[in-house]
Amino acid sequence: MEFLQWLANSPVGVWVSSSETYGYYITLSVHAVGMGIVAGVILMLCARLLGFARDLSLNIFDKLFTIAKYGFFFNALSGAALFAANGVNLMKNVPFLLKLTFIVLGGVGLLLTSRSVERERAMLSDGEAASVKIKVLALVTGLLWIAAILSGRIIAYTISY
Amino acid sequence: MNETVILETIRASWIGQTVRDIPWMFSFLEFTHFVGLCVLFGSLLLVDLRLIGVLKIGNLRSVLKFTNWAIIGFAINLLSGIGFFFSNPVNYYQNPLFRAKMVFVLLAGLNVLYFELVERKKIEHLTAGETPAMDTRVVAGLSLFLWTAVIILGRFLPTLGTG
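Chains as they are written, first to last, in our numbering: chain A, 548 to 708; chain B, 1397 to 1559.
Hints listed in this document are in silico derivations from the structure and should not be mistaken for laboratory results. Some clues are possibly wrong.
Unchecked claim - Per the computed footprint, the stretches of chain A lying under chain B, defined by three or more beta-carbons under 8 Å from a beta-carbon of chain B, are:
#, segment
1, 569-580
2, 596-607
3, 610-621
It should be emphasised that the depicted structure is a prediction, and the values quoted were computed from it without experimental measurement. Ideal placement from N, C-alpha and C gives every residue a C-beta, glycine not left out.
This is chain A alone, in the form it adopts within the complex (with noise of 0.2 Å):
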């Protein structure tokens, strides 16, 4: 608790919660941005994974997925500056831990649909259909990321400064 209260003390924590400088809004800004990014890029991979254009190459993701990583970093970055404003409170509000779970899933689902999409990979960039087992991670990995956007926006409407 001393920890968090430091947080929002520092010099971080005190920009984001300004109003003057408007450090509020323009970290949203980044992790609005951010977020189109990874769960964009995320959820046009499930799409094609799914069936759709399947005679799109796969490989086309590897590089886009690197541009999504930055996309990450940066969400990580302005996420971290807007918990350091109000640490105290996030760490009670249901939504934000939810959010945080979610994001660990979706993540872990994007790992284990990646890992089954290299095992096959030649018949996939043929345009066949993926198995049945990618496709369930694709979903599941989609709804997830879905669900972070979701229990993020709920914050909003639940948590107290």
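Here the structure of chain A is known, so what remains is to put chain B in place on it, guided by the hints.
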């Protein structure tokens, strides 16, 4: 009809009433607006980065299929956006950042129109490894710039009113 009458008519419409009267409706629309953002921006990243040449894999005909997801994402956000606006039209209408956001949406729309009418037929035949000419790359870069600006303006709306 002057502005005030038009805005009041919009506010009194069944859409405005529904969004105001059902307690969870506005926040539900915000959720769909965020998912729509991801679908729109994610599909455009794939398409535009391929057009710019950052991504070189994949023939254009397959990549361009993802513009359908951009249309779906935009449709979600147009509908949810209409819900926001109708619930409190005066507040949005008076917000300079909302007006700026709509100008950027319009510019992005014109950019799409130019792409569809002029650029698409030039590039559809390109196969894996081939990057479009400079004019197409500029249009693709402009698309990512304009939509990023739309997202940022959207997040800044509450600083000058509702949003």
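Right, here's what the structure says about each hint:
With a cut-off of 8 Å between beta carbons, the segment 569-580 of chain A has 6 residues touching chain B; three or more are needed, and the interface restraint holds. Under a criterion of three residues with beta carbons nearer than 8 Å to beta carbons of chain B, the stated coverage of the segment 596-607 of chain A is upheld, 7 such residues being counted. Here the segment 610-621 of chain A counts 3 residues with a CB under 8 Å from a CB of chain B, which clears the bar of 3, and the coverage holds.
In the structure shown, no violation is registered for any of the earlier numbered hints.
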